[in-house]
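From first to last, the protein sequence lines stand for chains V and F. Residue numbers for the first sequence follow the numbering used here, so the first one is 2 and each next one is one higher. Residue numbers for the second sequence follow the numbering used here, so the first one is 20 and each next one is one higher.
If you are wondering where the hints come from, they were derived from the structure by calculation, not from laboratory data. Even for Gly, the Cβ is constructed at its ideal location relative to N, Cα and C. Some clues are possibly wrong.
To be verified - One side of the interface only, derived from the structure: several residues of chain F facing chain V at Cβ under 7 angstroms:
id, residue
1, Val57
2, Pro70
3, Met74
4, Leu91
5, Ala95
Stated by the list, open to error - In silico contact screen, one side only, chain F against chain V (beta carbon under 10 angstroms); selected entries:
id, residue
6, Gly72
7, Glu77
8, Pro101
9, Phe108
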Amino acid sequence: MSALHTLGVSELRARLAAGEMSPVDAVASTLDAIAARDAGVGAYLEVFADDAMARARALADSGDCRKLPLGGVPIAIKDNICVAGKRTTCASRILRDYVSPYTATAAERLQAAGAIVLGKTNLDEFAMGSSTENSALGTTRNPWDPARAPGGSSGGSAAAVAAEMAAAALGSDTGGSIRQPASFCGVVGMKPTYGRVSRYGLVAFASSLDQIGPIARSVADVALVLEAMCGHDPRDATSLSAPVDRWSERLEAGLEGMTVGVPAAFLADMDATVRAAFDAALARAREGGARIREVTLPHAAYAVAAYYIIANAEASANLARYDGVKYGHRAVVDTLYDMYTRTRDQGFGAEVKRRILLGTYVLSAGYYDAYYRQAQKVRSLIIRDFEAVFAACDLLMMPTAPTPPFRLGEKIDDPILMYLSDVYTIPVNLAGLPGISLPVGLTDGRLPVGVQLVGRALDEERVLRGAAGLERACGFHERAIG
Amino acid sequence: MKIDRDTIRHLERLARIELDADEVARITEQLDRIVAFVEQLQSVDTAGVPPTGLMSHEDGDRLREDERREGLPRDAVLGQAPDATDGYFRVPRVIERGES
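Bound-form chain V, shown alone (with noise of 0.2 angstroms):
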């Protein structure tokens, strides 16, 4: 029963369903492998071995393991997340010791369906950055290569389920931070569409973007957790109402009949090694039954711009609840404004300080029509584009990050470099839709490459269904492992 922790979610289910092992089996075997492994990877800020132990004997005597759809599934949870009773640190100085009184709506409704909270997982502050580097509690490495990046800002939930030590893991996505550590990672990461997940329990970073979604290491693994947390919650007005299906009964079909568009100008730059796998990729998804269509995203390159005007003026607004009062680290000092200034000079670290800085600059007066006004009028440009790529496509088909993994050190003194690691998916979060990041090859050093599909607004069925289709073509897990 040693191995139990390198099931996936789908055939974790089918055994424990069958009766053929218990939730018990399950969460001691993943807790194993975490004592075994997360020194080396850094993925977890905590675990909760001794709680996690408990829910999986109390499903096991219940009985409800059997039917619940996550029964008895160990899971991972981004520590910008709160569950009730645990730490939400958003890997910051300032909410080290902070612990929530209550647990997101997305979480809540995974316990709901039986899974089991292992513990929480390491982040880019804040979730601002894409290495995970810029966690104020510790670095996180890329379970392929320890010298490397896990990717960010949701690193230590990609990385804790590459390296098997969950089956699943929650992330949150604002600009690619659930697709771009799973692409590093060489798992699977899907953000959905804006307003599917409730955010509630979410720190909140830019609230126009945020929006959480699954990691895990097969796309009918991602279906399933995706599916259990979807729907209206009262608690979040951007919830959305629209009916919530079983997608991870839909993938048969895979990409067959699909049209699927290539934005191929906006893809230039990418790297060598990511052109090559993203071409073979492109050959396996034309096996697969899809039709290969050249579309134009004329916006999109102004996206990344764009983006660091309008997620840095919400982040501004959403940070300044940080301010010594409520919760959190507060500097002793005499006078309000002073207590103010020095918890928050104290507390944060430094991409976040420049980020409110910048937010705080573009929303100031005699630059807000310059700068937000304008970004938010490109971003209108950018939804645009894309609606007129989905008049003609059913998909898009893009690389989830213009490189392979870099190295740890490589892009954290350069900001602007830093960014444009996510340059393919931010449009996305701009425009609101679903993407998923799946790994497609490995480059000749044996570093994982992710390929993304982006589908129209509320089509998680295909997004998924044409996900599934290119990771069968693609046959990633077998040449990994082989």
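Use these hints to put chain F onto chain V, whose structure you have.
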């Protein structure tokens, strides 16, 4: 628009963040480069294009009924405060002596 140290000092006051001298130098240089980078948006023709603020892929009223609901228990909330006394958040003196 050139970002200089005076701009940064102004933004520090607006954002209630205090930077030390090293940070000011570094962030001035970095923000100047980031603002130069986002300047590319000025070249996009947006005449007649409406801005996108909050977005939703569903039409209709998103507001719930205006009805009374239970919040979190007061003790649970104040239990997270760095300083709380007698059911209140406690902060340094807000109104300076002699201002009344």
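For each hint, the structure was consulted:
{"no.": "1", "hint": "Val57", "verdict": "4 angstroms, holds"}
{"no.": "2", "hint": "Pro70", "verdict": "3 angstroms, holds"}
{"no.": "3", "hint": "Met74", "verdict": "5 angstroms, holds"}
{"no.": "4", "hint": "Leu91", "verdict": "5 angstroms, holds"}
{"no.": "5", "hint": "Ala95", "verdict": "4 angstroms, holds"}
{"no.": "6", "hint": "Gly72", "verdict": "6 angstroms, holds"}
{"no.": "7", "hint": "Glu77", "verdict": "5 angstroms, holds"}
{"no.": "8", "hint": "Pro101", "verdict": "4 angstroms, holds"}
{"no.": "9", "hint": "Phe108", "verdict": "5 angstroms, holds"}
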